[in-house]
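Each protein sequence line maps, in turn, to chains A, B and C. Anchor point for the first sequence: position 123 equals 122 in numbering that gives the first Met the number 0, and the numbering is continuous, going up by one each time. Anchor point for the second sequence: position 114 equals 113 in numbering that gives the first Met the number 0, and the numbering is continuous, going up by one each time. Anchor point for the third sequence: position 121 equals 120 in numbering that gives the first Met the number 0, and the numbering is continuous, going up by one each time.
Each hint should be verified, as a subset may be incorrect.
For each label pair, taking beta carbons as the anchor points, the in silico distance ranges come out as [stated by the list, open to error]:
id, chain 1, residue 1, chain 2, residue 2, range
1, A, A264, C, T289, 51 to 61 Å
2, A, R403, C, V126, 49 to 59 Å
3, B, G81, A, R458, 27 to 37 Å
4, C, D85, A, A470, 20 to 30 Å
5, A, N189, C, D32, 30 to 40 Å
6, A, G127, B, G81, 30 to 40 Å
7, C, L21, A, N189, 47 to 57 Å
8, A, R458, B, R271, 46 to 56 Å
9, C, A9, A, N189, 45 to 55 Å
10, A, R403, B, R154, 41 to 51 Å
11, B, R83, A, G127, 22 to 32 Å
12, C, P262, A, S445, 26 to 36 Å
13, A, V49, C, A125, 31 to 41 Å
14, A, G103, C, L21, 24 to 34 Å
For the chain B half of the interface with chain A, some residues (derived, Cβ under 8 Å), not all of them [said to hold, decoys possible]:
id, residue
15, G38
16, S40
17, L41
18, S55
19, Q194
With a Cα cut of at most 27 Å, we get these calculated BS3-like pairs of lysine-lysine [unchecked claim]:
id, chain 1, residue 1, chain 2, residue 2
20, B, K37, A, K197
21, C, K308, A, K446
22, A, K550, A, K574
I should point out that these hints are in silico values taken from the structure, not numbers from a laboratory. The structure presented is a predicted model; accordingly, all values stated were derived computationally and were not measured. We put the beta carbon where it would ideally sit given N, CA and C, even for glycine.
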Amino acid sequence: MSESAPAGAPAPPPAPPPAALGPARRTGAVRLLLRHPLGLASGAVLAAVVLAVLLAPVLSPAEPGVSSLRDAFGGPAAGHPLGFDSAGRDIVARLLHGGRNTLGGAVIALVVALALGVPSGLLAGYYGGWFDSAASWAVNLVMALPAMVVLLASRAILGPTVWVLMVVLGFLVAPAFFRLVRGIVASVRNELYVDAAKVSGLRDRRIVARHVLIVVRAPIIIQVALVSGIAIGLQAGLEFLGIGSGDTPTWGAMLNEAFKNIQRAPLLMLWPGLALGLTSGALVLLAAALRDVLEDRGAAPAARRRRTGPTTITAPRSAGACAGLLSVRDLAVSYALPGGGEREVVHGVDLDVRAGEIVGLVGESGSGKTQTAFSILGILPEGGRVCRGSVTVEGEEIVGMPERRHRELRGNVVAYVPQEPMSNLDPAFTIGSQLVEPMRCKLRISKAEATRRALELLRLVEIADPRRTFASYPHEISGGMAQRVLIAGAMSCDPRLLIADEPTTALDVRVQAEVLGLLRRLQRERDLGVLLVTHNLGVVADLCDRVAVMKQGRIVETGTAEQVLHAPQDPYTRKLLGAVLDHVPARRPWQPSNAEVS
Amino acid sequence: MSASAPGSATVDALLRVEDLRVSFPGKGWRAPRVEVLKGVSLDVRPGETLGLVGESGSGKTTIGRAILGLVPVRSGAITFAGERIDRVPARRRRELSRDIQVIFQDPYTSLNPSLTVGDTLSEPLLAQGYGAREARERVGGLLDRVELPADAAHRLPREFSGGQRQRVAIARALAIGPRLIVCDEPVSALDLTTQKTVLDLLVEIQERTGVAYLFVSHDLSVVRFMSHRVAVIHRGEIVETGEAAEVTAEPRHPYTRGLLLSAPVADVAAQRARREAFEREYGAAAT
Amino acid sequence: MLSFIARRTAAGAVLLFVISFLSYTLLSIPDIDVGRQLLGQGASQDLVDARNAALGLDRPTAVQYLDWLTHSLRGDFGTSWFSGEDVTRAIVNRLPVTVSLMIGVTLVTAVLAFLLGVWAGVRRGAVDRFVQVFAVVGYALPGFLVTLVIVLVFAVHLRWFPAIGYVGLTESFTGWLSTVTLPIASLAVGSVAGVAQQVRGSVIDVMRQDYVRTLRARGLPPWRIVFRHVVRNASAPALAVLGMQFVGMLGGAVLVEQIFGLPGIGSMTVNYTTRGDIPVIMALVVFSVTGVIVINLVVDILIGWLNPKARIT
C-alpha cells in the first residue's frame with residue numbers, strides 16, 4: 000500500500016536490476032562460470048576429486064584395510080606413491096576410499112537439508128501465516144542447538160554409523176536453507192510482478208514455479224556449495240574425534256591417526272589434510288565464483304577499482320569572466336565502464352547563478368542534470384569524474400582543487416538539499432545530533448552554541464515543535480518534516496549557494512507548496528543563489544528567475560522563466576511544454592452510448 | 000448472478016464499491032489495527048474512467064488492491080457486473096481475471112526481470128486455457144496494439160525504457176480483453192513526454208474497446224485528462240465525487256481546493272496567482 | 000525495554016523446556032542397560048537391577064524426566080551414571096576454561112574483523128582483495144584442520160607455545176595466556192573471516208547510502224563520516240553474524256579443547272556424550288542452549304541500541 004510520489008530522478012550509472020537466471024540463460028551461466036578463473040579452477044579441483052573418489056576401486060593400488068606392521072610409517076615405495084600410515088596401510092588407498100565415505104556423507108547431509116529446508120522455506124515464505132510462525136519457531140529451536148553435542152549424543156542413541164549421523168547433520172543444517180529460501184520468497188511475494196501474475200489468474204503453484212523458483216535457484220546453488228563445505232568439515236571433525244565406525248577409512252579418521260603420531264611423523268597429516276582442505280576450499284571458492292556469475296552480473300566491477308576524483312583534467316578554458324556566484328563552463332562528466340574505458344554523460348555544460356537568483360535546471364531522467372549538480376558539489380558517485388571544463392564558486396576554481404580545500408567550501412559556501420528526505424538522514428542518529436555535528440565541525444563552535452543554533456534553524460524552517468524534532472530520530476518524523484530538516488542542515492553554516500536536487504519531488508503537492516514557499520523565503524532573506532534541479536515545469540514557474548533546459552547531457556536552451564515557458568525556442572523545450580497537462584480541457588462526460596460490454 | 004440492489008440510481012454500474020473498509024495489523028505487539036479505508040463507496044460504469052485522486056497514504060492504492068482481491072476486505076461490498084466479488088473462492092477469483100485487470104505504478108518491478116516480454120504477455124493467456132501456439136500468435140497482436148515492435152517478445156524487460164515497459168504492462172492487462180482495468184498511478188514513474196504518450200494510448204484503447212478504468216493518481220491534471228468522473232480520497236474517506244471538469248476546476252471540498260491550489264502550473268503569471276490564492280486560504284508560509 | 004527482556008527470557012525458557020524434553024525423550028530411546036555396563040558381564044541380574052533402581056532407571060521415562068526437571072530447576076543436575084561425579088560441580092569447574100576461551104575469541108573477532116572489514120570496505124582495491132582472499136580461505140577450511148596446522152607450526156615445529164595443557168587464569172596469567180593463545184587463534188580464524196566479510200559488505204552498502212553523500216555534501220571529513228556514521232550503521236548486521244558465529248564456536252570448542260587437551264566443557268562433551276550418559280548430556284544441552292539464548296538476547300539489545308528503528312520499547 001505504499002504510494003510514493005513521482006520519481007523523476009535519474010540514476011546516474013546505468014545499473015540493470017539484479018537479474019535472476021531465466022531458463023534461456025542457463026547455458027550462459029555455465030559458460031560464464033567456466034570463463035571465471037576462480038570458478039574454472041575450483042570446478043576442476045572438485046571434478047578431479049569426485050572422479051578420483053568415484054573410481055577408487057580402480058585407481059587404488061591396494062585394499063584400504065590391508066595392513067602390514069612391517070611397513071608402518073614407511074615412505075613411498077613402488078606401487079605405494081605416498082607411503083604407509085601408522086598401521087602400515089597404503090595411504091593412497093585410504094585417501095581414495097576415505098573420500099568416498101567423507102563425500103558420500105556430505106551428500107547425504109545435503110540431500111536431507113535440501114529436502115527439509117527448501118520446501119518448508121517456500122511454503123513459509125509464500126503463504127506466511129501459522130505455518131511460517133511454526134516453522135520459524137522450530138528453526139530457531141534447531142539453531143539454538145549446539146551441533147556438536149547433538150551429533151555426539153546422536154551417536155549414543157543411533158549407534159556409530161556415519162551415514163545415520165549424516166542424516167542428523169542434514170537436519171541440523173537445514174535451517175540454513177529454510178532461512179535463505181523463506182527470506183527471498185517472502186520478498187518476492189511482495190513484488191508487483193507476482194501481484195500481476197495473481198491478477199492474471201495464475202494458480203499459486205504456477206506462480207511459485209514461474210516466478211519464485213527462478214529467483215531462489217541461484218542463491219540455493221550458492222548455498223549448496225557453501226553448506227557442502229561446512230558439512231564435509233563437520234563430518235571430518237566428528238571422525239577426527241573418533242566417532243566414525245571403527246576401521247572405515249575417512250579423511251577425518253586418517254587425520255586422527257596422524258594427530259596421535261604428530262611428534263613422530265608430522266607429515267602423515269599432510270595428505271588427508273590436503274584432501275580435506277582442497278575439497279572444502281574449492282567448494283567455498285566455487286560458491287564465491289557462482290555468486291559473481293549468478294548474482295553480480297551487470298554490476299560494474301571496473302567502476303570500483305578506480306578511486307574517485309578527477310585524475311586527468313584539461314586546463315580550464317575560460318577562468319576569467321566569472322562575475323557570478325557560480326559559473327560552470329564546458330563541464331563534462333564521465334563514468335568508468337565495467338569493461339574499461341569511459342562513457343561521457345554530461346557534454347560541455349555552461350551555467351551561471353548569481354547571488355540572490357534562483358536558476359532552474361530542467362530535464363528528464365538521464366539528461367545529466369543531477370550529474371551536473373553533483374559535480375559542482377564534488378560528490379559524484381564511485382566511478383564518476385569531471386573530465387573537462389571549469390566550475391568556479393565565488394571566483395574560485397573547483398575542478399582540480401585539492402579535496403581538503405573543496406571540503407571546506409562544502410557546507411560553508413555551497414550547500415546541498417537532496418531529493419529523498421528519508422534516505423538522506425542517518426537513521427542511527429537524532430535529528431539534533433545530525434544538525435549539531437556539521438556546525439561543530441565546520442564553524443568550530445561549542446556544543447551548547449551549536450544546539451542553540453540548531454533549534455533556531457528548526458524554527459527557521461517552520462517546524463512547530465523544534466525541541467521535540469531535535470530529539471527525534473528520522474523514522475519518527477514525516478517526509479515533509481524531514482525535508483525541512485535537510486533544508487535546515489543545508490542552511491546551518493550560512494552558505495552562499497544552495498544546490499537543490501529535486502527538493503520537492505518526493506513530497507505530496509500540499510507539502511511541496513509549503514517547502515517551495517520556504518525556499519523562496521530563505522532565498523530572499525539571505526540573498527542566496529539557488530541552483531534548482533527539477534523535472535517539474537510548474538516548480539520552475541513558481542520559483543525560478545532563470546531556466547536552463549537540459550537534454551542528453553547538453554543545455555539546449557537558457558533564458559528567463561517567462562521566456563522559456565512562454566516563448567520556447569528549442570524544439571525539445573516545446574515538446575516538454577506540449578506534454579504539460581495543466582491547460583488541457585477535462586474529458587467530456589461519459590456517454591452511455593459508448594459503453595459497450597466486452 | 001443475482002440482480003443488482005434495487006433502488007440504485009445508476010443501475011448500469013459495472014463496478015460498485017459500497018462502504019468498503021480495509022485495515023491492516025498494527026506494527027508491534029498487540030498494536031491496534033490500522034484502518035486504511037474507512038467506508039469507501041464509488042462506482043464505475045462500462046467504458047467509463049473514474050479518476051481517484053489522493054495523497055500518499057490516503058488509501059487510494061488499497062482500493063484498487065481490494066478490488067483485485069490482493070488485500071482482504073474487512074467489511075463492505077464490492078460488486079462487479081452484479082456479482083459480489085469481495086469474498087470469492089480462489090477459483091472464481093482466477094476466473095475474474097478475464098474481466099478485471101491491472102496496470103501498476105512501477106514498470107520496473109511489475110515485470111519479472113528474468114522472463115522475456117513474450118513470456119510475460121502469454122502468461123494470462125495460458126492461465127485462461129489458451130494453447131501455446133494461439134497465445135504466441137496473440138502476443139504479436141498485443142505488441143502491435145501498444146505500438147511496440149514485434150521482436151520485443153524475445154527480449155528481457157531490462158532492454159526497455161520505463162515508457163516501453165509500461166506499454167508491456169498495458170499489453171498484459173489487455174491480453175484477455177478485460178472490462179475493467181485498475182490503473183494504479185500508471186504514469187507517475189514516467190517522464191513528462193513519455194507520460195503524455197502513454198495516457199494518449201490508454202484513452203485510445205478505451206475508445207476502441209469500451210474498457211472501463213479505475214484510474215488512481217496523485218496528479219489532478221493527469222486525472223482530469225483521463226477521467227470522466229473524479230473521486231477525491233483523503234485519509235481513507237472519499238471527500239468529493241463529481242464530473243471531472245467540475246471537481247478539477249471548481250472543487251467544492253476544501254481539501255480538494257487545497258490540492259488544486261498547491262499543484263504548480265507551468266505558467267509564471269498563472270502560478271503566481273495560484274500561489275497567492277493558496278497562501279491566502281491556507282496561511283502564508285509562517286512568519 | 001524491560002518488558003522486551005522479560006518476554007524474550009520467557010520465550011527462551013519455553014525453548015529450553017521444549018529442547019530439554021525432546022532431548023531426554025530421544026536419549027532414552029536406546030534403553031542402555033547402565034547397571035550391566037557398570038558392573039560388567041559377570042554380575043548377577045539382581046545386582047544389575049538393584050544398581051539400575053538406585054539410579055532411578057527402573058521408572059518410566061516421563062517420571063525420570065520430571066524428576067530430572069525438578070532437580071535441575073534447583074541447580075542439581077544429578078550425578079554421572081558412569082563416573083559418579085556430581086554433574087553440576089563438574090560443569091562449574093570446567094566452565095571457566097570454555098568461557099574464557101569464548102570471551103577471548105569474541106574479543107579478538109570483534110576487534111580484528113571490524114578493523115579488516117572497515118578497512119577493506121572503505122579503501123577497496125588491493126586491501127579489499129587481500130581481506131576477501133583471507134575471508135574465503137578462513138571460511139573455507141574446516142576449523143579443526145586450521146587448528147591442526149596451527150599446532151603443527153607453532154607448537155610442534157616452532158615450539159613457541161605448549162601443544163597441550165592448561166594453566167588457570169587465577170594461578171598464573173602468563174601461563175594461562177600461553178596455553179590459551181593457540182586455541183583462541185585457532186577458533187578466531189574462522190569467525191574473523193566470517194564477520195570481516197559481513198562488515199566489509201555492510202560498510203560498502205552504507206557507503207552507497209544517500210545520507211553518506213549528504214554528509215559529504217555538508218563538508219564533513221571522510222574519517223568522521225566513516226567512524227561515526229558508516230561503522231555504526233554497518234555494525235548491526237555484523238553483530239548478527241557474530242551472534243551466529245557463537246553457536247558455531249561451541250562446536251569448534253569441542254574439537255579445539257580436545258586437540259589442546261583443555262579441561263573445558265568441550266572435552267567433557269566428547270568423553271561423556273558418546274556413552275549416552277544422560278545426566279551429563281542433559282546438563283551440557285541446558286548450559287549451551289542457555290548460552291545461545293543469552294548471546295542472542297545480548298546481540299538483539301545491542302542491535303536495538305545501534306539502530307533506533309529496530310529498537311523495542
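Results for each hint:
1. A:A264 / C:T289: 51 to 61 Å: Roughly 42 Å apart at Cβ, these two residues miss the hinted range, so it is violated.
2. A:R403 / C:V126: 49 to 59 Å: 22 Å, violated
3. B:G81 / A:R458: 27 to 37 Å: Given a distance of about 59 Å, which is not inside 27 to 37 Å, the answer is violated.
4. C:D85 / A:A470: 20 to 30 Å: Given about 55 Å between the Cβ atoms, the range is violated.
5. A:N189 / C:D32: 30 to 40 Å: For D32 of chain C against N189 of chain A, whose Cβ atoms are near 57 Å apart, the range 30 to 40 Å is violated.
6. A:G127 / B:G81: 30 to 40 Å: Roughly 33 Å apart at Cβ, these two residues keep to the hinted range, so it holds.
7. C:L21 / A:N189: 47 to 57 Å: 35 Å, violated
8. A:R458 / B:R271: 46 to 56 Å: 28 Å, violated
9. C:A9 / A:N189: 45 to 55 Å: Violated - the Cβ-Cβ distance for A9 of chain C and N189 of chain A, about 31 Å, lies outside 45 to 55 Å.
10. A:R403 / B:R154: 41 to 51 Å: Holds - the Cβ-Cβ distance for R403 of chain A and R154 of chain B, about 48 Å, lies within 41 to 51 Å.
11. B:R83 / A:G127: 22 to 32 Å: Hint holds: Cβ distance 26 Å, inside 22 to 32 Å.
12. C:P262 / A:S445: 26 to 36 Å: For P262 of chain C and S445 of chain A the Cβ distance comes to about 57 Å; the hint is violated.
13. A:V49 / C:A125: 31 to 41 Å: 34 Å, holds
14. A:G103 / C:L21: 24 to 34 Å: 28 Å, holds
15. G38: With a minimum Cβ separation of about 17 Å from chain A (threshold 8 Å), the hint on G38 of chain B is violated.
16. S40: Given a least distance of 18 Å, the restraint on S40 of chain B is violated.
17. L41: This hint is violated: L41 of chain B lies away from chain A, its Cβ roughly 14 Å from the closest one there, beyond 8 Å.
18. S55: 4 Å, holds
19. Q194: With a closest approach of 7 Å, the Q194 of chain B hint holds.
20. B:K37 / A:K197: With a Cα-Cα distance of about 26 Å, the restraint between K37 of chain B and K197 of chain A holds, given a limit of 27 Å.
21. C:K308 / A:K446: Given that 27 Å is the threshold and the Cα spacing comes to 25 Å, the pair holds.
22. A:K550 / A:K574: 12 Å, holds
Checked against the numbered hints above, the structure breaks hints 1, 2, 3, 4, 5, 7, 8, 9, 12, 15, 16, 17 and satisfies the rest.
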